[in-house]
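Required output: the full structure, derived from the provided sequences and hints.
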Amino acid sequence: CRTADAAAAVPTLQFLVLGDLGQTDDSVRTRDGLRRALHVGEGRGGAAAVAAVLHAGDLAYADGYHPRWDSYLALHAGLSSGVPWHVCPGNHEIETDARSGRIFQAFETIYRMPAPRRDSVRAVLAPCRTADACDPTPSVLTATYDYGNAFHSLSYDGHAGPWPAGVKIIFLNSFTHTGPGSPQHAALLSELRSVDRTATPWVVLVMHCPIYNTFADHHREKHAVRMAENMETVWADAGVDVVLAGHVHGYMRSRPVYNGTVVDPRVGAAPTYIIVGTGGNRDGHARAYFDKDGPEEWVAYRNKDWSGYGTFEALDDTRARWRWMMDDGTGGHVVGDEAVIRRGQRGGSGPTVHDRIPPERP
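Oh and the sequence shown: position 277 is 624 in the numbering used here, straight run, nothing missing.
Rather than coming from a laboratory, the hints here were simulated on the basis of the structure.
When the alpha-carbon atoms are kept at most 25 Å apart in a straight line, the in silico PhoX-like pairs for lysine-lysine are as follows: (1) Lys651 <-> Lys639; (2) Lys651 <-> Lys569; (3) Lys569 <-> Lys639.
Here it is in structure tokens:
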């Protein structure tokens, strides 16, 4: 096991994480925070080097009006041209065409992720009766979208790179089929089975719709419930460490949890679930928490009032640092939540212990 302390001159892997970005004033502040984080990473020598931006869906909020894609790309061009920007589909990328019923066309045209083969049958929905009657961005949808940017992965091998610990990142699609026998289910199994945990000890999932959601908005949407039923056991048994999502315009970090039950890291292992849909969006912050009497047992920290972004840094084979960088209301960002996630030693997989109680909002 290599540690960050033992290899102080070796840069650790760091990823900037966000969801639901958009083009609002909050979006601009998030973009500026990402830019500062990127520049700090470049200037720290042996400290963290930003490897990529991980975007959990809902990008431009174009919603079928294509000039908004142009303005979005122009707004973030200075940042996205300087660091790899990996995306997964959100509901605001569906953009159902009123005439043909085709979906995700702009998303597929603009972005090129490490992709499934492109000879798959393209998804077509029933055409809208009229343009006015067409919802281009349905929050709840299960279609057939198993090509292109639908789901993919990237890997930073700890043996091949200069960093002390490698990371495998798997992007999933909340809006296509997830059951056994589906292309996405088969791809997830294949990806998880291929991971060499000695080279890439950390495995992170990124998706748009959370399966653990403390907020009233988008609570237990049927496609997210179906994904949990079909896939939670698969990724938990494989020792996935962290699951990142957006969709809800709030921030949440869970305790280690499986099937709705907190897992004691002394006797088992389970992923940490994080919602970071706080990029700026277009619809404002999350309205309310689902349980008004207090957070669910599996919630470690939640915040519905501020925008921000996250950072995930693989310190070594057993420790990763997560931070949620919260908009401080003055144009800067402060640490709104921080935890060191420890991979469990039982079986060599799974997290976690959280070392730090989150600070109060300033």
